[in-house]
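Trainee: Spelled out from the first residue to the last, the chains are:
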Amino acid sequence: MGDYGIKVTNPGYDISSTEPRDYIINSAYGTVKNALTGSGTVTVPASSSVTVTIAHGLSFIPLCLFYTELSSGSGKYFLGAVRLTTPDADAGNIYVNNSLDGDGNPINTYVDATNLVISYRNVAGSDEDIDYFYVIFGDSGS
Amino acid sequence: MADDYGIKISKEGYDVKTTSVENLIMTSVYNLLKTKLVGTYDGVGTVAHGLSYTPIYISRTKGGTLERMSFNSNASIDSTNLNLEGLLIKKYYIFYQQAI
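Going line by line, the protein sequences match chains A and B.
In terms of our numbering, the first sequence opens at residue 1 and continues consecutively.
In terms of our numbering, the second sequence opens at residue 1 and continues consecutively.
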């Protein structure tokens, strides 16, 4: 007897297909599990930085993604630690602090076994409120 | 008889028959990201993914002595390889889903 499991193809594809892309789910292939999602708004002070700390509740360093609307109200969300080149219509005045210390450790924006930590810097002379959202997976990120 | 069929699982506390999609753990209506390769790589190099197209991937780097992963990708992908740059340890996921 062969192996067994569960599989569901996309509409129009035969269940005997051996092409992974034809499947919605196939227990022969691992998937990343969505453990926690969330969003928030943070005020980034003028000419200063702010840190967002999200406790993920997992006992390991998870795989995660976060997106930020760098230019408030633009509707455009950028993935991860990005700093756009100014002038840019979507750059706004906000970027993600993404520095390393002398030992190569990320010090501003990182994920560890307890938290997702995101640091934003505002280069403008007035406070800005920005939106962000995140996805934390129940899969190892290290 | 139902018009369509499949499988779905709701989160605890939500009625699987009526709840909206964000309250489902999985549903066969929506594709899942299926993992092709998961691994780590130290330094500069390539990982052949074995697919005939450019897939979706995630890459993260670890540097220093602390147990932290940064959001630096230090990687790119094409229809043959995941291309890894820099001197840091990378953790990568390559999915079957086609990116482009």
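No lab work stands behind these hints: they were computed from the structure.
None of the values given here were measured: they were computed from a predicted structure.
Please note: incorrect hints may appear among the correct ones.
Stated by the list, open to error - Stretch by stretch, here's where chain A covers chain B in the computed footprint (C-beta under 8 Å, at least three residues):
1. 26–35
2. 51–63
3. 68–81
Ideal placement from N, C-alpha and C gives every residue a C-beta, glycine not left out.
Trainee: Run every hint past the structure and note whether it holds.
Mentor: Going down the list of hints, with the structure as the test:
Beta-carbon proximity to chain A at under 8 Å applies to 9 residues in the stretch 26–35 of chain B; the threshold of 3 is reached and the given coverage holds. Coverage of the stretch 51–63 of chain B by chain A holds in this model, with 4 residues showing a Cβ closer than 8 Å to a Cβ of that chain against a need of three. Counting residues of the stretch 68–81 of chain B whose C-beta sits closer than 8 Å to any C-beta of chain A gives 6, which meets the bar of three, so the coverage hint holds.
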